[in-house]
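Line by line, the protein sequences are chains A and B. The numbering of the first sequence is this note's numbering, which starts it at 22 and goes up by one. The numbering of the second sequence is this note's numbering, which starts it at 1017 and goes up by one.
Derived from the structure by calculation, the hints contain no laboratory data. These numbers were taken from a predicted model, which means no experiment stands behind them. One or more of the hints may lead you astray.
[What the hints assert, rightly or not] Cross-link-like lysine-lysine pairs, in silico, DSS-like; alpha carbons within 30 Å at most:
id : chain 1 : residue 1 : chain 2 : residue 2
1  : B       : Lys1389   : B       : Lys1408
2  : B       : Lys1432   : B       : Lys1357
3  : B       : Lys1360   : B       : Lys1099
4  : B       : Lys1226   : B       : Lys1197
5  : A       : Lys103    : B       : Lys1438
6  : B       : Lys1435   : A       : Lys103
Spelled out from the first residue to the last, the chains are:
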Amino acid sequence: MGTTTFRRDLVIAVIALVVLLGIPLVFPSAALRDFIIYVVAYGLLAISLNLLTGYTGLVSFGHALYFAAGAYAFGLLMQSGKVSTLSAFALSILFSAFLALVVGAICVRLKEIYFAFLTLAFQMLFYSVILTWVSLTGGDQGLMGGIPRPPLFGIDLGDPHVFYVFSCVLFVVCVFLLRQITESPFGYTLRMIRDNQERAVFLGVNVFRAKLLAFVLAGSIASVGGIVLALFASGAYPGYAFWTTSGEAIFMIMLGGSQVFIGPIVGAVLLQLLNHIVTIYTEHNGLFLGIIILVAVLGLRRGIADFIYEAWAGRRAARAPAVTAKAQGTEAAAGNKEAAYDPLS
Amino acid sequence: MSKPKTGVRRRDVLKSASAVAGVAAASAVTGFPFVAKGQGKVIRVGMPTILSGRVAILGESSRAAAQLAVQEFNAAGGINGRKMELIARDSKGSPNEAARVTRDLINSDGCEIIIDAEASSGSFAVQEVIRSLPVLCIHTCSETSALSADPAIRVPTAFRSARQGIHDAVGGGRFAAELVKKRNLKRWMTCSPDYAYGRDNTAEFMEYLKIFEPSVEVVDQAWPKLFEPDYTAFVTRILQVKPQAMYSALWGGDLVSFIEQANLYGMFAGDLAFFSGGLADPPVLKAIRQLPDGLNSVYRYDPQYPAHKGNADFYDNYRKIHPDPTNWSWQNYTAFTFVTKALKATNGNTDGKALADVIRGMEIDSPFSPTGKITMRAEDQTIIGYPVAWGKTVSKSKGMTDWVAVDWGEIQEHEKEWKRRKGYV
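Pulled out of the complex, with its shape left as it was, chain A reads as follows (with noise of 0.2 Å):
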């Protein structure tokens, strides 16, 4: 990773945070706001999803374990009264992040649908507890009685204003980061493993560790979605620990694309509008959302954010060959052609 796509990602998620955080000043709704911050939080979810499907070629079931541990760790800690909104924090993330390394070290050994099944399992376990531990989650009724948002530095998170600009910057540095992992020698390794384990193999990386650690690191970051949540909607659910949501995550993934870097926020993005209005519009949310996704991956048969990248990147080639055919014949252009569409890069 050079200096200069570094420069340029920091750029980036300037640009993207100052119109986050411009929207409410140009559109000042309630319901936006209330909208982006879902966005948010799921969005981290299916992002940090994808760096083990997209990009390690990991097919987990069972992401939403993480983000329910996260919100979770962090009601708990929050309602104890014993920790700060910090520490609470950073002990919900690294509780995540140990429960990943648990998990994943069992995991990640295993190939396909195997690991899908087994972090599968891992999930329903882990919501099986929530349930089951009444005296300590809430069983079935989640952790009731709100969860406490002490001052944090002097910022009162319980403002519904300094909680979405809280909530976004949290967003960016997320996405900052996981871009940058994806960017890095580490995150082609990835790409490498996915692509040909065996060639990573003989390549001398030790396979094993570079998926615990994304393992690890997309569980934290999933973490930080549900600890997000967890802060707004003041409670923590079984149903964030349910296959349902990582299903969602999942959806969210293949509407919005699994190449491009950012196609699981804009699949997040879209799912999320989608729930919305269907829930307005029909009882039968299931059957719309249904053949809304059916009809999107039938039609386009890859993510939305893919199909306008590959869209724009053959358009880019289709006209390369023009100028580069005179001088070096039409061989050449068709290389060209398969070189433009390289979207992790």
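Assemble the complex: chain A is given as a structure, and chain B must be docked to it using the hints.
What follows is chain B alone, placed relative to chain A:
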């Protein structure tokens, strides 16, 4: 010559998809589907509830009662020329969705009052939304006592217009203890759904039964999972254990399945005294093909009890909108009675605090109470005086009879002691 293409082209699909995405994105930016907030012409009342899945009957029967109440409010001219509009939204039974939908109803649809027709888990989520967006909220379906009894959970603008577990536990314990004495029913068994409500409800019933009749012995407890389709194993277990009496917190479709499968084994043909926490909802009674005679159930709803003209009128008017009412129907209708009276008292001011101040301690005339009055108790913002009664099933009419009301003085006395034990006082 190329053949013209027929059918839907991929390009068209993509264009349509882009158009949908464009509209969606545009509406997102502008704060979809934003409706002007504040003191508009219409008073918007939001109802987060469950309108899909296995528990949809809860939302459908709640919404129908709310529609009836809104129709009546508007037919009476509204308040200061302002009519009422109900906006009901499906939370799909998820607390997370209940919170999101409630926020949307307030922030996006401009609802000034929330009638929370969520099941218990959703109600706790809605309660937290109301803590941060303090509009008037009345919970109309949650029976979990902690929602209003626990001061840590209480919110100044949130009330409960629903029966609650502790009241029914005291009432059920008292009623069952009398039968135990009469029929010497010492050996008890329970069969309730395996989740927080099922376990808490059963524990409280048995606790108060033992308080009123300490000689009772629980010989076995069965916990089928929620929405269990096959109760055969549980029925055969009951037949093996041979209890003299049993309590079940099963409800809705689960209870219908359980009774029908128990009928196949002739479980109710003998002397087994059956006590149910959810049988007396008219749609449940009617759904059972062969309703056994003499099963005991706590009051849920009966058009003939209390024998009040207002109750009969409610039943007739409700059935013009929806099939038979449920327990949730009268509770929602009662919530609107409080709201209407409060709006009159505040002269149409819908501010959450203003409405809460007049509802706290308010007494309303109600056709659903044996005394004709239901009170919103000020100390914990929950209703008292509603029917806590037990009756028996009648096979022929698929209804209930012989309602025995439990004294509210005794209920409140035990409730106080329970609150002390729980540390709520």
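Hint-by-hint comparison with the structure:
no., hint, in the structure
1, B/Lys1389 - B/Lys1408, "holds (24 Å)"
2, B/Lys1432 - B/Lys1357, "holds (29 Å)"
3, B/Lys1360 - B/Lys1099, "holds (13 Å)"
4, B/Lys1226 - B/Lys1197, "holds (12 Å)"
5, A/Lys103 - B/Lys1438, "holds (23 Å)"
6, B/Lys1435 - A/Lys103, "holds (26 Å)"
Every hint, counting from the list given before, is met by this structure.
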